[in-house]
Amino acid sequence: MIGLLIRDLRLAVRAGGGFGLGLAFFLLVAVIVPLGVGPEAATLAKIAPGILWVGALLSCLLSLDRIFALDFEDGSLDLLATSPIPLEGVAAVKALAHWLVTGLPLVAVSPVLGLLLNLPGPGYLWLVLALALGTPALSVIGAFGAALTVGLKRGGLLMSLLVLPLYIPTLIFGAEVVKRGAAGLSVGTPLALLAGITAGSLALLPFAAAAAIRVNLR
Amino acid sequence: MSIWEYANPKRFMQTSGLLLPWVSGVAALCLMAGLVWGFFFTPVADKFGATVKIIYLHVPAAMMATSAWAMMLVTSLIWLVRRHHVSALSAKAAAPVGLVFTVIGLITGAIWGQPMWGTWWAWDPRLTAFLILSLFYLGYIALWAAVENPDTAADLTSVLCIVGSVFAFLSRYAVLFWNQGLHQGATLSLDKEENISDVYWFPLLLCIAGFVLLFVALVLLRTRTEIRARRLAALMARERLA
Chain A
1 MIGLLIRDLR LAVRAGGGFG LGLAFFLLVA VIVPLGVGPE AATLAKIAPG ILWVGALLSC
61 LLSLDRIFAL DFEDGSLDLL ATSPIPLEGV AAVKALAHWL VTGLPLVAVS PVLGLLLNLP
121 GPGYLWLVLA LALGTPALSV IGAFGAALTV GLKRGGLLMS LLVLPLYIPT LIFGAEVVKR
181 GAAGLSVGTP LALLAGITAG SLALLPFAAA AAIRVNLR
Chain B
1 MSIWEYANPK RFMQTSGLLL PWVSGVAALC LMAGLVWGFF FTPVADKFGA TVKIIYLHVP
61 AAMMATSAWA MMLVTSLIWL VRRHHVSALS AKAAAPVGLV FTVIGLITGA IWGQPMWGTW
121 WAWDPRLTAF LILSLFYLGY IALWAAVENP DTAADLTSVL CIVGSVFAFL SRYAVLFWNQ
181 GLHQGATLSL DKEENISDVY WFPLLLCIAG FVLLFVALVL LRTRTEIRAR RLAALMARER
241 LA
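Line by line, the protein sequences are chains A and B. Numbering follows my numbering, in which position 210 of the first sequence is assigned residue number 210; successive positions increment by one, without gaps. Numbering follows my numbering, in which position 192 of the second sequence is assigned residue number 192; successive positions increment by one, without gaps.
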């Protein structure tokens with residue numbers, strides 16, 4: 001499983017494309033929103049938590065179809081399915097690899113983008129914490145969506161239609177943590193709920209993703 | 001005699017063919033009686049005016065919107081466990097009906113909300129949850145349409161339905177957390193003191209019965225269509241091979 005993880009990370013970094021693209025997209029969202037809504041600091045500070053979360057969500061979505069599609073096309077997914085690792089483990093490892101190349105960089109650059117969007121001072125810690133807790137859920141939910149649409153010719157658009165509604169609870173609680181944190185309120189409840197969603201998704205969705213892959217490989 | 005006999009498409013076609021005119025007829029009767037009673041023969045409520053009468057469409061449609069998803073969840077589970085095609089096809093047949101009920105609930109709600117709350121739309125938890133539910137229906141229908149092999153499509157949509165149910169449920173409670181509501185609470189519960197008065201309750205009950213039967217009739221009809229389409233496809237495949 002560690003070998004698979006290293007292979008996926010290598011592919012993501014060396015084969016170009018996916019890696020960094022999501023990050024650039026995240027940056028672009030943070031740049032074009034102020035251009036659209038105007039530079040007033042108060043307005044930006046108010047919408048910053050939501051924009052940063054929506055940006056993270058969309059840039060995560062952007063690279064989802066790479067989780068399984070390339071392996072499906074060149075046949076390595078069949079090999080993985082017949083390998084001694086359970087398919088559930090493969091799905092979990094691939095989601096982890098996706099998080100390491102997409103989610104983790106997003107978490108790392110988010111304070112800088114918070115600065116661009118004039119996020120209030122106390123919000124930064126909570127922004128990083130909420131993204132760090134929430135983006136694994138985005139990756140694993142996305143892996144499930146990618147597994148559902150892996151056999152389709154043009155599955156990308158359909159996948160966003162399937163995955164975005166599933167992202168809603170994560171988005172709500174994640175943005176709520178940052179919003180409350182930025183306002184200096186207590187963030188315990190949404191943070192716990194966000195962590196709960198992540199833990200539940202991590203525990204259950206690899207099974208659903210593996211079931212979907214089995215159907216698609218039949 | 002058990003319900004599993006209807007997993008046989010032939011038995012299902014026979015029985016549903018017999019049932020369909022009756023169910024449709026009683027649905028039409030209930031709806032006509034309930035709507036006419038509700039629209040013309042109930043007193044005008046003092047705080048609401050005549051706008052309250054849209055309740056006879058709004059409430060039953062909203063109830064059926066969630067019930068349709070629940071039915072899809074059950075039939076999807078049956079498909080995954082027992083591999084009965086009729087079950088999978090009935091889930092497929094129910095999805096567009098459920099979507100239409102959701103949209104009816106949203107639209108009648110907007111029409112009612114305009115005079116009552118002064119706005120067509122508010123990001124109220126209940127309204128938002130219904131909008132999200134309609135997105136789940138859309139995704140489900142789109143996945144059915146996108147996958148060519150019918151068995152693969154049935155499997156994938158069933159898995160989506162189960163995962164979607166969990167997340168739709170989570171969203172329902174997440175939006176409660178996210179915003180306070182304009183929408184009133186439940187007033188139709190059987191065990192509460194503060195319910196709507198009987199004058200409105202009885203025609204509403206008739207309308208709810210009418211919507212349930214309408215849903216059953218539409219799903220039966222659409223499932224029959226799906227089964228016939230499946231048979232046609234099989235015949236055409238056989239023709240090509242011969």
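Quick caveat, the hints were computed from the structure, so don't treat them as lab data. Every residue gets a Cβ at the ideal spot worked out from N, C-alpha and C, and that includes glycine. Incorrect hints may have been included.
What the hints assert, rightly or not - Under 7 angstroms between C-beta atoms, here's a sample of chain A residues computed to sit facing chain B:
id: 1; residue: 34
id: 2; residue: 47
id: 3; residue: 212
To be verified - Taking beta-carbon pairs under 8 angstroms as the criterion, some of the chain A residues facing chain B (in silico):
id: 4; residue: 78
id: 5; residue: 79
id: 6; residue: 202
id: 7; residue: 203
id: 8; residue: 211
For each hint, the structure was consulted:
1. Residue-level restraint check for residue 34/A is violated (minimum Cβ-Cβ distance to chain B is 23 angstroms; threshold 7 angstroms).
2. A hinted interface residue such as residue 47/A counts as satisfied when its beta carbon comes closer than 7 angstroms to some beta carbon of chain B; here the least separation is about 15 angstroms, so the hint is violated.
3. Proximity of residue 212/A to chain B holds as hinted, the smallest CB-CB distance being about 5 angstroms (cut-off 7 angstroms).
4. For residue 78/A, the suggested interface contact is broken, since its CB lies about 16 angstroms from the closest CB of chain B, more than 8 angstroms.
5. Hint status for residue 79/A relative to chain B: violated, with the closest Cβ pair at about 21 angstroms, above 8 angstroms.
6. Nearest Cβ of chain B to the Cβ of residue 202/A: about 14 angstroms, over the 8 angstroms cut. The hint is violated.
7. With its C-beta approaching chain B no nearer than about 12 angstroms, residue 203/A sits outside the 8 angstroms limit, and its interface hint is violated.
8. Below 8 angstroms, beta-carbon pairs count as interface contacts, and residue 211/A has one with chain B at about 5 angstroms; its hint therefore holds.
Hints 1, 2, 4, 5, 6, 7 from the list above are not met by this structure, while the remaining hints are.
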